[in-house]
Amino acid sequence: MNIETLQVQVHAPHPRFRLSSDTFRPLRALKLDPISQYFWCTLFTALGGFLWEYDTGSIGPITLMPDFEAQFGPISATIQGLIVSCILITASIAAFAAGTLADRFSRIYNIGTGAIIFAAGSAIAGGAFSLGQLFAGRCLAGIGEGLFTSVLTVYVTEIAPTARRGRLITMTQLFNVLGIASGYFICYGTVKVGSSFSWRFPLAMQAFVSSVLALGMFSGMCPHSPRWLMHTGRLDEAAASAQKGLPWYRKVKDMFARGVAGRTMLGVFLMAMQQLSGIDAVLYYAPVLFAQAGLSQTEASFLASGVSGLLYIAAVVIVQMFADHWNRRSPIIGGGLVIGTTMLLMGILYASGASSVPVGRWTIIVLIYVFAVGFISTWAVTIRIVVAEVQPIKTRNAASSLSQCVSWAVNWTIAFSTPLFLARSASGPYFLFGICSLLTAAVCWAFQPETKGLSLEDLDRELMDTPWRKAMAKLKRRTSAAVGPSEADIPLQELPTRRYEA
1 MNIETLQVQV HAPHPRFRLS SDTFRPLRAL KLDPISQYFW CTLFTALGGF
51 LWEYDTGSIG PITLMPDFEA QFGPISATIQ GLIVSCILIT ASIAAFAAGT
101 LADRFSRIYN IGTGAIIFAA GSAIAGGAFS LGQLFAGRCL AGIGEGLFTS
151 VLTVYVTEIA PTARRGRLIT MTQLFNVLGI ASGYFICYGT VKVGSSFSWR
201 FPLAMQAFVS SVLALGMFSG MCPHSPRWLM HTGRLDEAAA SAQKGLPWYR
251 KVKDMFARGV AGRTMLGVFL MAMQQLSGID AVLYYAPVLF AQAGLSQTEA
301 SFLASGVSGL LYIAAVVIVQ MFADHWNRRS PIIGGGLVIG TTMLLMGILY
351 ASGASSVPVG RWTIIVLIYV FAVGFISTWA VTIRIVVAEV QPIKTRNAAS
401 SLSQCVSWAV NWTIAFSTPL FLARSASGPY FLFGICSLLT AAVCWAFQPE
451 TKGLSLEDLD RELMDTPWRK AMAKLKRRTS AAVGPSEADI PLQELPTRRY
501 EA
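Residue numbers for the sequence shown follow the UniProt record's numbering, so the first one is 1 and each next one is one higher.
If you are wondering where the hints come from, they were derived from the structure by calculation, not from laboratory data.
Every residue, glycine too, gets a C-beta built ideally from N, C-alpha and C.
It is possible that part of the hints are untrue.
Per label pair, the in silico range of CB-to-CB distance [what the hints assert, rightly or not]:
id : residue 1 : residue 2 : range
1  : Gly-73    : Phe-322   : 46 to 56 Å
2  : Arg-258   : Val-307   : 29 to 39 Å
3  : Arg-258   : Ala-204   : 48 to 58 Å
4  : Arg-104   : Pro-66    : 46 to 56 Å
5  : Met-265   : Gly-334   : 17 to 27 Å
6  : Ile-79    : Gly-189   : 23 to 33 Å
7  : Leu-337   : Phe-218   : 42 to 52 Å
8  : Lys-253   : Gly-194   : 25 to 35 Å
9  : Arg-104   : Val-357   : 17 to 27 Å
10 : Trp-362   : Leu-337   : 35 to 45 Å
Just need the whole structure built from these sequences, with the hints factored in.
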């Protein structure tokens with residue numbers, strides 16, 4: 001039996017994709033009903049999302065703390081950008097490899113390994129006495145972050161029942177915003193401590209939570225994804241061996257094969273443009289942006305950042321209640337219009353000099369909140385669901401990892417360049433982010449299919465025609481009806497006879 005034959009067997013439709021009662025043994029001991037088992041498994045997995053955004057919410061404020069500057073010396077815009085963004089360089093590299101590792105060693109072991117590495121890197125950064133140690137710790141943490149964040153949404157997507165998939169994936173986003181708010185408020189609470197504890201404690205908390213996540217993954221708290229069990233050939237050991245023997249370039253080839261390449265590119269595009277909306281510029285540098293808008297005191301800007309974190313939580317809680325009732329296209333298209341418009345308005349206010357008057361400054365602060373809440377309640381929730389849903393099972397993890405890799409790379413560019421960009425132009429970044437968001441809304445209107453309410457297997461049949469193709473076919477039918485049948489469609493005997501005089 002050759003590899004191609006085994007591939008067909010491994011990826012053949014499976015009669016059941018529900019988790020069996022035995023897969024939830026640790027949770028079954030608590031006598032939980034099946035829906036509660038899905039809920040608690042997703043809840044624990046969502047700690048990975050908490051860690052990811054906790055770092056996003058805390059590292060920017062940490063670089064502004066007086067005791068941090070006392071430890072490492074004056075921090076220029078370039079150094080600040082490198083401290084914040086260096087974690088993203090190694091994360092993007094690890095994310096590219098995460099797909100292959102998760103396919104071979106399972107989703108949960110990939111998450112657990114990443115959590116251990118992330119905890120070690122955070123501990124090194126928290127105990128640093130030089131910039132070299134700090135950079136080394138954050139780069140190591142980035143490897144772990146790239147491993148577990150690339151797999152979180154894929155894992156939850158694969159274990160979730162179709163009717164509750166949106167709500168369960170939204171829970172991961174809820175933990176994301178909880179992480180952002182926690183990072184902001186912990187830094188706000190420690191900034192006045194008056195010792196290096198003010199910036200070391202947030203990093204130590206990061207290492208502790210990551211250790212808890214790793215312990216849960218390796219203790220059997222969460223079951224293997226049944227789709228991963230089928231994908232790796234648990235049908236028989238020979239299929240498993242054949243799947244493990246596939247070279248990496250075969251997986252790359254599969255991602256860009258006919259009928260699949262469009263889905264892969266849509267996922268890559270959405271994840272890249274999600275970062276080019278400017279969300280991480282707002283999350284990483286919220287204190288800087290609020291100070292630029294007129295909140296001069298460090299405590300005031302930190303508090304404003306924390307308030308934005310609370311707004312994020314409220315927005316996601318509301319969205320989670322309706323996640324399984326809303327479709328996927330409308331939030332992405334509508335969200336792109338909202339966040340793109342708010343970014344352009346902020347750019348106009350800075351370019352026109354209106355930011356120098358109190359009304360203009362407070363308008364900018366309100367627009368920052370509107371932008372962030374608009375993003376959190378639309379793109380942050382929906383894009384990751386769509387990226388995982390549109391991929392066929394054969395390439396789902398590899399394509400999601402590629403999308404995450406590109407996302408990390410763009411994220412690093414934004415995180416590193418934002419302070420430099422703002423130092424040269426107060427309005428330029430806002431115009432760039434606004435145009436990118438509006439462009440994304442237009443592309444999604446044309447090419448993003450609707451995936452709500454379909455099982456992951458049924459999606460393969462529904463993704464053959466893009467909205468653009470359907471719209472063009474409909475327009476062609478309308479045009480044909482308005483013009484009438486062409487001459488080629490009329491029987492020859494019914495065509496008028498033309499007479500010519502000599």
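| said: So, against the hints stated earlier in the document, which numbers end up violated here? | reply: 2, 8, 9, 10
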